[in-house]
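Residue numbers (this note's numbering): 954 to 1268.
Worth flagging that the hints you see were computed from the coordinates, not collected in a lab.
Mixed in with the good hints, there may be bad ones.
Below, computed lysine to aspartate or glutamate pairings styled on EDC-like, alpha-carbon distance capped at 20 Å [unchecked claim]:
#  : residue 1 : residue 2
1  : Lys998    : Asp1157
2  : Lys1135   : Glu1240
3  : Lys1135   : Asp1120
4  : Lys1119   : Glu1240
5  : Lys1262   : Asp1120
6  : Lys1254   : Glu989
7  : Lys969    : Asp1156
8  : Lys1036   : Glu989
9  : Lys1087   : Asp1224
10 : Lys997    : Glu1240
11 : Lys1254   : Asp1156
12 : Lys1254   : Asp1120
13 : Lys1193   : Asp1156
14 : Lys998    : Asp956
15 : Lys958    : Glu1003
16 : Lys1193   : Asp1157
17 : Lys958    : Glu1096
18 : Lys1092   : Asp991
19 : Lys1074   : Glu1003
20 : Lys1074   : Asp1224
21 : Lys1141   : Asp1120
22 : Lys1254   : Glu1037
23 : Lys1092   : Asp1248
24 : Lys1074   : Asp1042
25 : Lys1262   : Asp1068
26 : Lys1074   : Asp991
27 : Lys966    : Asp1157
28 : Lys1087   : Asp1248
29 : Lys958    : Glu1037
30 : Lys1087   : Asp991
31 : Lys1141   : Asp1151
32 : Lys1144   : Asp1157
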Amino acid sequence: MADGKWFAIVNPKAGKGRAVVDWPRISWMLTDAGVEFDHVFTQKKYHAVELTVRAIRNGYRKIISVGGDGTLNEIVNGIFIQKEVATTDVLLAMMPLGIGNDWIRMYGIPRTYADAIDAIKYGRSFLQDVGLVKFYESKVHHERYFANAVGIGFDGYVAIGFNRLKDAGKKSKWLYVISMIKSVLAYKATKVAMRIDDNSISDDIYSITLGVGKYNGGGMIQLPNAIANDGLLDITVIRKIGGLNVLWNMPILYNGHIHKHSRISAHRGSDISIHSLPQIPIEVDGESVGYSPFDISVISKGINVIVGKGFNEME
954 MADGKWFAIV NPKAGKGRAV VDWPRISWML TDAGVEFDHV FTQKKYHAVE LTVRAIRNGY
1014 RKIISVGGDG TLNEIVNGIF IQKEVATTDV LLAMMPLGIG NDWIRMYGIP RTYADAIDAI
1074 KYGRSFLQDV GLVKFYESKV HHERYFANAV GIGFDGYVAI GFNRLKDAGK KSKWLYVISM
1134 IKSVLAYKAT KVAMRIDDNS ISDDIYSITL GVGKYNGGGM IQLPNAIAND GLLDITVIRK
1194 IGGLNVLWNM PILYNGHIHK HSRISAHRGS DISIHSLPQI PIEVDGESVG YSPFDISVIS
1254 KGINVIVGKG FNEME
């Protein structure tokens, strides 16, 4: 029975396998801190979606994601798929064990286990927006919710390589950078027609990032002005640019000055459609999922999340 307990969904493969090794210690620390919880391990891709739906059906209203951004994304999708309660009736916390951990950066959630548990105990919550993207995979229409950001074009291409490296058992913290460098040499800008609310863009586009949060790709600040509860998605559009130019300008991807480049523009909107020839890939919260065309929207203040003690929602 739930009885007000937390339900921890643990991805044993998170953090290059660190989650399964560290879980006994994390479990002990949660118990020692007085956090009552039950837990379960995921056994396959998208299992966290199913486990979340089942947990809510069984009465749990507080869920801890023990893993990375991908695990969190699956849990968010489970929260929206279930029909037992309003999505905001479920409180979501995170123990960050992923490689990128981009979502926690927005909210000042500590990386150390003790401090992350302290944030859960402190219980400061925040209603954040959630994105919804509709896309195609193997000619079949799909939709996916996201808690942080999606990357289209180059970012999606990088994610394909990154996930292949992970699936092959590679465990370097530089996997994303390795995939990015390889992708720079192979990826080319694509003709894209994009609508942002009532405004249109038609150009050769290298990459598009849309999101609720500021960070993606393991610390890149591609959406430096994003506000997580304004009912809008921030959008960064990178027009046609050469591979060497991308490498030369890598620092602006990490220092928050990305929009100072003449080929990069910032936008905001709540209803976005993207068409391209040929099709271009998309990553959703770091996971490669499908191809264009895309329809993207936002659910204002759609989920209730635990944030760090020092989080300033006006930043």
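Hints and how they fare:
A distance of roughly 34 Å separates the Cα atoms of Lys998 and Asp1157; the hinted pair therefore is violated under the 20 Å criterion. With a C-alpha separation of about 18 Å, the suggested pairing of Lys1135 with Glu1240 holds against the 20 Å cut-off. Between Lys1135 and Asp1120 the CA atoms are separated by roughly 17 Å; this keeps the pair inside 20 Å, and the hint holds. At most 20 Å may separate the alpha-carbon atoms for a hinted pair to count; Lys1119 and Glu1240 meet this at roughly 11 Å.
Distance check on the hinted pair: Lys1262 and Asp1120 sit about 35 Å apart at the alpha-carbon level, beyond 20 Å; violated. For the proposed pair Lys1254 and Glu989, the alpha carbon gap of about 27 Å is over 20 Å, so the pair is violated. Taken as a hint, the Lys969 and Asp1156 pair is broken in the structure, with Cα atoms around 39 Å apart against an allowance of 20 Å. For the hint pairing Lys1036 with Glu989, the CA-to-CA distance comes to about 25 Å; that exceeds 20 Å, so the pair is violated.
Proposed proximity of Lys1087 and Asp1224 is supported: the alpha carbons are some 12 Å apart, at most 20 Å. For the hint pairing Lys997 with Glu1240, the CA-to-CA distance comes to about 14 Å; that is within 20 Å, so the pair holds. Among the hinted pairs, Lys1254 with Asp1156 is inconsistent with the structure: their alpha-carbon atoms are about 32 Å apart, more than 20 Å. Restraint check for Lys1254 and Asp1120: the C-alpha separation of about 34 Å exceeds 20 Å, so the hint is violated.
Distance restraint check for Lys1193 and Asp1156: the Cα-Cα separation of roughly 8 Å lies within the 20 Å cut-off, and the hinted pair is therefore satisfied. Taking the CA atoms of Lys998 and Asp956, the gap is about 29 Å. The hint is violated against a cut of 20 Å. Note on Lys958 and Glu1003: the hinted pairing holds, with a Cα-Cα distance of about 19 Å set against a maximum of 20 Å. As the CA atoms of Lys1193 and Asp1157 are separated by approximately 5 Å, the hinted pair is consistent with the 20 Å bound.
This hinted pair does not check out: Lys958 and Glu1096 have alpha carbons roughly 31 Å apart, beyond 20 Å. For the suggested pair Lys1092 and Asp991, the alpha carbons sit about 39 Å apart, so the restraint of at most 20 Å is broken. Under the criterion of a C-alpha separation no larger than 20 Å, the hint pairing Lys1074 with Glu1003 is inconsistent with the structure, at around 26 Å. Proximity of Lys1074 to Asp1224 is assessed by CA-CA distance (about 37 Å); at most 20 Å being required, the pair is judged violated.
For the proposed pair Lys1141 and Asp1120, the alpha carbon gap of about 25 Å is over 20 Å, so the pair is violated. Proximity of Lys1254 to Glu1037 is assessed by CA-CA distance (about 18 Å); at most 20 Å being required, the pair is judged to hold. For the hint pairing Lys1092 with Asp1248, the CA-to-CA distance comes to about 15 Å; that is within 20 Å, so the pair holds. Taken as a hint, the Lys1074 and Asp1042 pair is honoured in the structure, with Cα atoms around 18 Å apart against an allowance of 20 Å.
For the hint pairing Lys1262 with Asp1068, the CA-to-CA distance comes to about 10 Å; that is within 20 Å, so the pair holds. Between Lys1074 and Asp991 the alpha-carbon distance is near 16 Å, which keeps this suggested pair within the 20 Å criterion. A threshold of 20 Å between alpha carbons decides the hint, and for Lys966 with Asp1157 the separation of about 38 Å lies outside it, so the pair is violated. With a CA separation close to 5 Å, the supplied pair Lys1087 and Asp1248 stays within the 20 Å bound.
Proposed proximity of Lys958 and Glu1037 is supported: the alpha carbons are some 17 Å apart, at most 20 Å. Restraint check: the Cα-Cα separation between Lys1087 and Asp991 comes to about 33 Å, which exceeds 20 Å; the hinted pair is violated. Distance hint between Lys1141 and Asp1151 is unfulfilled; the C-alpha atoms sit about 28 Å from each other, more than 20 Å. For the suggested pair Lys1144 and Asp1157, the alpha carbons sit about 4 Å apart, so the restraint of at most 20 Å is met.
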